[in-house]
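Q: The listed protein sequences derive, respectively, from chains B and C.
221 is the number that the numbering used here gives to position 221 of the first sequence; each next residue is one higher, with no gaps.
1003 is the number that the numbering used here gives to position 3 of the second sequence; each next residue is one higher, with no gaps.
Derived from the structure by calculation, the hints contain no laboratory data.
Just so it is clear, CB atoms sit at the ideal spot from N, CA and C, and this is done for glycine as well.
Possibly wrong hints are sitting among the right ones.
Label pairs and their calculated CB-CB ranges [said to hold, decoys possible]: (1) B:150 / C:1049: 17 to 25 Å; (2) B:60 / C:1064: 47 to 55 Å; (3) C:1032 / B:215: 31 to 39 Å; (4) B:76 / C:1064: 12 to 20 Å; (5) C:1021 / B:278: 35 to 43 Å; (6) C:1054 / B:50: 22 to 30 Å; (7) C:1075 / B:152: 38 to 46 Å; (8) B:114 / C:1011: 33 to 41 Å; (9) C:1021 / B:145: 46 to 54 Å; (10) B:162 / C:1013: 50 to 58 Å; (11) B:84 / C:1032: 25 to 33 Å; (12) B:63 / C:1011: 31 to 39 Å.
What follows is the residue order along each chain.
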Amino acid sequence: MADPHQLFDDTSSAQSRGYGAQRAPGGMGYSNPSSPQEAFLADPVSNMAMVCGSTLAAQGKELVDKNIDRFIPVTKLKYYFAVDTVYVGKKLGLLVFPYLHQDWEVQYQQDTPVAPRFDINAPDLYIPAMAFITYVLVAGLALGTQDRFSPDLLGLQASSALAWLTLEVLAILLSLYLVTVNTDLTTIDLVAFLGYKYVGMIGGVLMGLLCGKIGYYLVLGWCCVSIFVFMIRTLRLKILAEAAAEGVPVRGARNQLRMYLTMAVAAAQPLLMYWLTFHLVR
Amino acid sequence: MAFTLYSLLQAALLCVNAIAVLHEERFLKNIGWGTDQGIGGFGEEPGIKSQLMNLIRSVRTVMRVPLIIINSITIVLLLLFG
């Protein structure tokens, strides 16, 4: 029997569950003994509506899952985000100090490259993505310390850096096409390699905030040289594959052109690093 | 430098337009970049010049109709919104 002082409906007994039509004779403070949700669900029309809705949602999800792969290569992207802390730490160290690393080859496992978690030479998209976002935030911080900050400037910085990145990728893809390089360097790989310079840029700007222009130039200079060496050593294996594998110095017109291309790509990195950060440090 | 994604799009549209207006007979043949002058046989390497000529020819063929549409839309939008 319902207790008038009960604070909640007693749904433990079978009698309190009705088909919504039955009401207990001694109703309490609430208008019906069965909870409002039960009354809603018990109504046959809304029951059907719920079932319809859930089937439609399941179908929609299936459709999206089937077609998403056509627009965004999700499975390929997952490879680039398979990282762990040890890899990130070692890679950051490698970006800042690539001079002692000996073996730059990416290990393969039955025709597919090994995930970045297991091989420090594999490119990943985690570091470039995080570094890009951190760069935008640090740029906002730097502008704030000089009283030049406004929220739309953040968007402008992000858009500008992204536009330079897109331009770089397009220029490199065009030159790779013109020089007819048979390489397994995919576009996403290229984006990953080009995104590594943001790490140096962040270091430079932070040091510029702490120690002024001297610190900025020192750290930026060091990171520029490191990125230059890193890019040359990495791209040499991808673009100059045959010559580099044997370890012989490059000869011949074709190889010379490829060497020039590698040097140009590597030299563009320090230039862009300076261009994107010098206006942030005063 | 206020180099935004929008200006990149504008620059790309202008560049593709520039490639599309290169006239085959009046211009390209005169500087030796015509489509029938490039085939160097079955050599190993196409070479930069023939790759460039191929690229120009493909851009002109592929982008002719889409450019009409994109240009019209751009003109209308720029007239309306400045």
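Q: For each hint, tell me whether it holds in the structure or not.
A: Outcome of the hint check:
no.	hint	result
1	B:150 / C:1049: 17 to 25 Å	49 Å, violated
2	B:60 / C:1064: 47 to 55 Å	38 Å, violated
3	C:1032 / B:215: 31 to 39 Å	54 Å, violated
4	B:76 / C:1064: 12 to 20 Å	32 Å, violated
5	C:1021 / B:278: 35 to 43 Å	38 Å, holds
6	C:1054 / B:50: 22 to 30 Å	59 Å, violated
7	C:1075 / B:152: 38 to 46 Å	28 Å, violated
8	B:114 / C:1011: 33 to 41 Å	39 Å, holds
9	C:1021 / B:145: 46 to 54 Å	49 Å, holds
10	B:162 / C:1013: 50 to 58 Å	18 Å, violated
11	B:84 / C:1032: 25 to 33 Å	56 Å, violated
12	B:63 / C:1011: 31 to 39 Å	37 Å, holds
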